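Chain residues, written in single-letter form:
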Amino acid sequence: MNFVLALTVGVLFGVSTYFLLKRSVVKLLLGVLMLSYGTELLIFMMGDLSERNMPILELGEEPFADPIPQALILTAIVIGFGFTAFTLMLAYRFYFDLRTEDLDQMVEETEVHG
Amino acid sequence: MFNWLLIFGPMLTAGTLAFLPAHKRFLQLTTLIPLALFAGLLAHAGDIADGKTFRTTYQWVDALGLELSLVLDGLSFLFALIITGIGTLIVFYTNSYFQKDDETHRFLIYLFIFMSAMLGIVLSGNFLGMFIFWELTTISSYLLIGFKHDYSVARIGARQALIVTGGGGLALLGGIAMVGVMSGGVYDFAALDAMAGELADHALFEAALILIIIGAFTKSAQFPFHFWLPGAMEAPTPASSFLHSATMVKAGVYLLARLAHTFGGGDIWLYALGSIGLFTFVYGAFMALSAYDLKAILAHTTLSWLGVLIALIGINTKDSLKAAMVGILAHALYKGALFLVVGAIDYETGTRDIRKLGRLAGAMPVTAVASALVLLSMAGVPPMLGFVAKETLKVASLEHVPDAFAAVFPVAAVVGSALTVAAATMIGLEIFLRKPQHGEDLYAHEAPLPMWFGPLILGGLSLILALFLHQFLDPIINPALSAVYSDPAEVELYLLPALDDLAFQLSLLSIAIGVVIGVTNRPLRDSLQNKSLLDPTHVYNKIFGIGDDKVDVRSLLGQGYRFVNRRLQDGILRHYLNYVFFTFVLIMIAVIIQVWGKLKLPSFELDEITLLETFIAVIIMISAVATTFARRRLGAVVWAGAAGVNIALLFALFGAPDLAFTQLLIEVLTLIFLMLAFRLLPRFMQDTSRFTTFRTMRDGVIAVMVGLVFGLLALLASSNREAPPIRYWFEENAYELGQGHNIVNVILVDFRGLDTLGETTVLVIAALGVLALISPMPLLDMLDKHFKERVRQQLEAEAALEKDSSIISHIYENINRVLLAGDDFRGDDNA
Numbered sequence: 001m002n003f004v005l006a007l008t009v010g011v012l013f014g015v016s017t018y019f020l021l022k023r024s025v026v027k028l029l030l031g032v033l034m035l036s037y038g039t040e041l042l043i044f045m046m047g048d049l050s051e052r053n054m055p056i057l058e059l060g061e062e063p064f065a066d067p068i069p070q071a072l073i074l075t076a077i078v079i080g081f082g083f084t085a086f087t088l089m090l091a092y093r094f095y096f097d098l099r100t101e102d103l104d105q106m107v108e109e110t111e112v113h114g
Numbered sequence: 001m002f003n004w005l006l007i008f009g010p011m012l013t014a015g016t017l018a019f020l021p022a023h024k025r026f027l028q029l030t031t032l033i034p035l036a037l038f039a040g041l042l043a044h045a046g047d048i049a050d051g052k053t054f055r056t057t058y059q060w061v062d063a064l065g066l067e068l069s070l071v072l073d074g075l076s077f078l079f080a081l082i083i084t085g086i087g088t089l090i091v092f093y094t095n096s097y098f099q100k101d102d103e104t105h106r107f108l109i110y111l112f113i114f115m116s117a118m119l120g121i122v123l124s125g126n127f128l129g130m131f132i133f134w135e136l137t138t139i140s141s142y143l144l145i146g147f148k149h150d151y152s153v154a155r156i157g158a159r160q161a162l163i164v165t166g167g168g169g170l171a172l173l174g175g176i177a178m179v180g181v182m183s184g185g186v187y188d189f190a191a192l193d194a195m196a197g198e199l200a201d202h203a204l205f206e207a208a209l210i211l212i213i214i215g216a217f218t219k220s221a222q223f224p225f226h227f228w229l230p231g232a233m234e235a236p237t238p239a240s241s242f243l244h245s246a247t248m249v250k251a252g253v254y255l256l257a258r259l260a261h262t263f264g265g266g267d268i269w270l271y272a273l274g275s276i277g278l279f280t281f282v283y284g285a286f287m288a289l290s291a292y293d294l295k296a297i298l299a300h301t302t303l304s305w306l307g308v309l310i311a312l313i314g315i316n317t318k319d320s321l322k323a324a325m326v327g328i329l330a331h332a333l334y335k336g337a338l339f340l341v342v343g344a345i346d347y348e349t350g351t352r353d354i355r356k357l358g359r360l361a362g363a364m365p366v367t368a369v370a371s372a373l374v375l376l377s378m379a380g381v382p383p384m385l386g387f388v389a390k391e392t393l394k395v396a397s398l399e400h401v402p403d404a405f406a407a408v409f410p411v412a413a414v415v416g417s418a419l420t421v422a423a424a425t426m427i428g429l430e431i432f433l434r435k436p437q438h439g440e441d442l443y444a445h446e447a448p449l450p451m452w453f454g455p456l457i458l459g460g461l462s463l464i465l466a467l468f469l470h471q472f473l474d475p476i477i478n479p480a481l482s483a484v485y486s487d488p489a490e491v492e493l494y495l496l497p498a499l500d501d502l503a504f505q506l507s508l509l510s511i512a513i514g515v516v517i518g519v520t521n522r523p524l525r526d527s528l529q530n531k532s533l534l535d536p537t538h539v540y541n542k543i544f545g546i547g548d549d550k551v552d553v554r555s556l557l558g559q560g561y562r563f564v565n566r567r568l569q570d571g572i573l574r575h576y577l578n579y580v581f582f583t584f585v586l587i588m589i590a591v592i593i594q595v596w597g598k599l600k601l602p603s604f605e606l607d608e609i610t611l612l613e614t615f616i617a618v619i620i621m622i623s624a625v626a627t628t629f630a631r632r633r634l635g636a637v638v639w640a641g642a643a644g645v646n647i648a649l650l651f652a653l654f655g656a657p658d659l660a661f662t663q664l665l666i667e668v669l670t671l672i673f674l675m676l677a678f679r680l681l682p683r684f685m686q687d688t689s690r691f692t693t694f695r696t697m698r699d700g701v702i703a704v705m706v707g708l709v710f711g712l713l714a715l716l717a718s719s720n721r722e723a724p725p726i727r728y729w730f731e732e733n734a735y736e737l738g739q740g741h742n743i744v745n746v747i748l749v750d751f752r753g754l755d756t757l758g759e760t761t762v763l764v765i766a767a768l769g770v771l772a773l774i775s776p777m778p779l780l781d782m783l784d785k786h787f788k789e790r791v792r793q794q795l796e797a798e799a800a801l802e803k804d805s806s807i808i809s810h811i812y813e814n815i816n817r818v819l820l821a822g823d824d825f826r827g828d829d830n831a
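So the protein sequences, as listed, match chains X and Y.
Quick note: the first sequence, position 85, residue 85 per my numbering, numbers continuous.
Quick note: the second sequence, position 247, residue 247 per my numbering, numbers continuous.
Since the hints were derived computationally from the structure, they do not count as laboratory data.
Small disclaimer: the values here were computed from a predicted structure and weren't measured.
A virtual CB, placed ideally from N, CA and C, is assigned to each residue, including glycine.
Don't take every hint at face value.
To be verified - One side only, chain X facing chain Y, incomplete, derived with CB under 8 Å:
(1) 2
(2) 13
(3) 35
(4) 48
(5) 84
(6) 91
(7) 93
Generate coordinates for the entire structure from the input sequences, incorporating the hints supplied.
In structure tokens:
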């Protein structure tokens with residue numbers, strides 16, 4: 001079955017992990033972004049992908065795609081956006097206060113400020 | 001009065017007290033609570049003597065087999081009487097012990113919590129339920145030992161007791177869990193007893209038994225766990241009297257007695273209980289002779305007597321169990337009273353040092369009389385209850401003792417008894433009759449009534465119970481023995497034995513030896529100089545450290561902390577992430593390997609995905625990977641955007657129009673946000689440290705592993721769909737119940753409306769968070785004198801970073817300026 005999509009999920013999660021492990025706060029942000037992409041696709045794959053008609057009863061095109069993962073992903077997208085926005089502002093505040101984008105500096109810096 | 005108040009009455013009192021002001025009236029009234037419980041219990045004395053058992057059950061957690069059951073049989077009755085009876089005197093005593101009402105108030109709250117816990121232990125018919133109360137006694141004991149928490153010794157003593165008995169509690173929990181495994185989830189004592197034979201044949205039996213025994217030994221201060229008990233003497237004296245002599249330390253004895261019929265009989269039971277108990281008996285009594293502090297002396301004699309009780313239960317004959325039951329009662333009466341006497345003496349003279357005390361009989365006549373009674377009982381002189389106890393002990397040591405202990409037990413019984421007699425003689429002589437060893441006579445007068453009332457009552461009881469033993473003692477002891485022996489059992493108690501009786505001769509012998517040692521105790525004490533032999537405290541210190549405020553770095557625990565802090569928790573979150581990811585990958589691989597055989601492997605049919613879709617997927621992958629190679633932020637964002645937009649396309653192709661729209665919309669918004677914010681954010685950091693390559697490799701390896709695991713997960717999960725999909729219900733009911741054609745929408749706003757509400761809440765919280773991160777800064781900084789300076793620095797920094805001179809950056813700079821024009825932190829300096 002969907003080897004290509006599974007591979008895509010894997011790549012997205014891999015890239016996300018790679019970014020999350022970086023020292024740069026901006027890369028952390030990209031990691032969060034990629035994480036939500038990967039999650040969306042992962043949930044999507046949990047549904048039955050063999051049908052491609054839209055799950056709208058009016059259209060009468062049966063059989064149609066599984067609506068449940070779609071509903072879940074819709075939630076995931078919005079929450080992912082909220083999360084990204086928050087991380088973005090966190091990164092900004094981090095940079096504004098500490099004058100560095102190096103997350104490792106945070107340890108000593110906060111002690112000085114704290 | 002057989003109901004739950006028997007356990008929870010004191011707890012309710014504690015709860016009520018906590019909300020009442022620390023007023024003398026309220027505090028004095030609380031004496032009535034344990035008294036009422038005591039009277040209520042006594043009302044059942046007749047039924048208990050007839051061998052009746054009261055029982056009521058409340059299902060607490062069905063799945064765990066955890067029920068609270070209230071069971072009152074002979075053994076519970078004996079203990080409950082001791083707890084409520086002595087408890088009454090203790091509460092009465094406490095009211096004049098403390099100088100301040102505040103202290104009495106706090107103390108009584110702890111004490112009532114403890115009383116509930118202790119009653120819970122002895123009245124629980126369920127092993128698991130009992131454990132909860134067991135732990136509660138540990139905690140309340142901790143609070144009471146550390147009552148004077150301004151003093152470092154009190155804190156150290158409290159922590160020591162908590163670690164030792166708490167550790168024992170863990171062992172006990174392990175033992176109980178094993179019992180549950182063996183019995184198939186049965187924890188009821190009576191039910192367990194019924195399956196004793198099956199349990200004994202189980203492979204886990206020995207392990208469970210050892211763990212339970214460790215739990216009981218720590219609680220009852222048996223060697224080598226005994227050292228917490230002398231340390232616990234930092235507690236106020238009423239607590240020492242109640243917890244650390246009359247009740248809590250007997251919880252271990254109680255537990256072993258309760259289990260004697262179910263688990264007793266094997267070699268482990270006999271040897272562990274018999275040898276450790278007898279050793280502690282002799283050892284404790286000997287150490288008592290070396291101490292200066294009266295409370296330390298009493299603590300050592302207490303653990304000594306606990307030792308003999310445990311040995312008696314270990315021997316597990318009808319005679320020995322009988323001796324244990326009498327011993328429990330006799331000891332609770334005389335030792336509880338002695339602690340109270342010491343408290344009164346401390347209260348009057350200001351010292352507990354046996355070398356400074358002396359000739360108090362004249363100054364404190366009532367206390368002296370009470371003490372004389374209980375000391376005689378302690379020494380086992382007829383016609384006191386202590387004599388009956390010692391006598392049954394001697395009988396038990398001679399009759400039906402297993403071969404291994406046939407020679408040791410009588411000797412140990414005589415030696416231990418003699419040393420106890422010596423301690424009693426010494427206490428009586430040194431406090432009340434002799435001149436002080438050091439210094440002059442201390443000035444003292446008689447203690448207030450509540451302080452001598454308790455000892456006098458207990459002393460009187462020690463005499464009356466023995467004198468009228470058939471009327472008073474038999475109806476209490478015989479049902480207890482029957483409960484332990486699980487068989488109606490009676491052993492005759494007697495007060496006046498024949499002179500040619502061997503047990504009696506041994507008793508006389510031990511009294512004679514004891515009096516001689518007691519009278520000549522000073523040289524022995526001076527040569528031992530308060531030193532503790534075979535003291536495991538240094539082992540404890542090596543593990544847990546000596547100090548009380550900080551973790552001692554020289555201790556094993558300190559070393560462990562240091563390792564964890566330096567190596568595992570260095571404060572850099574990325575390193576934690578490494579561990580998290582690594583563990584995740586390992587666990588997932590383990591799980592996948594475990595279920596591999598049962599999995600359907602995906603077939604290689606590629607027809608389910610069209611060429612276009614494959615193409616888009618490939619673009620997503622390429623974009624994602626490309627972000628990692630981007631040298632500049634803008635590039636990375638563009639690549640990320642490309643991935644996001646293509647995901648939206650994929651959604652559209654797979655029949656998910658709502659997803660496609662939302663994804664596209666959110667993608668655009670995210671990009672705009674990123675562009676706006678990037679103006680204020682730094683450029684990519686150039687990591688120049690010499691570990692860069694290694695780090696990149698390491699991160700890369702972890703990333704690839706995580707990616708592989710997720711890819712595999714996606715693949716395996718999507719090709720192993722077993723349960724029928726739940727989509728059909730939604731599809732059938734979407735129009736019917738939700739009045740909507742778009743099923744996805746109906747699910748979101750109708751069927752899973754609460755979920756969507758939660759999602760909206762998350763968004764609001766995120767928005768508030770964003771607001772908090774931006775806006776309070778200028779507001780607060782308005783008050784800051786350096787605000788302007790800070791803005792200037794900020795703008796300078798921005799200017800310095802402002803080197804992205806592409807067309808897009810100009811555009812978004814303009815947007816930025818418009819959007820943020822009103823914002824304070826741009827300041828008046830419009831750069």
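Structure-based check of each hint:
Nearest Cβ of chain Y to the Cβ of residue 2/X: about 6 Å, under the 8 Å cut. The hint holds. Among the interface hints, the one on residue 13/X holds; its C-beta lies about 4 Å from the nearest C-beta in chain Y, closer than the 8 Å criterion. At about 10 Å, the closest approach between the beta carbon of residue 35/X and any beta carbon in chain Y exceeds 8 Å, and the interface hint on this residue is violated. The beta carbon of residue 48/X comes within 7 Å of a beta carbon in chain Y, closer than 8 Å, and the hint placing it at the interface holds.
The interface hint given for residue 84/X is met, as the beta carbon of that residue sits about 6 Å from the closest beta carbon of chain Y, less than 8 Å. With a least beta-carbon distance of about 6 Å to chain Y, the hint placing residue 91/X at the interface is held under the 8 Å criterion. Given the 8 Å rule on beta carbons, the hint for residue 93/X holds: about 5 Å separates it from the nearest Cβ of chain Y.
When each numbered hint is compared with the structure, a violation occurs for hint 3 only.
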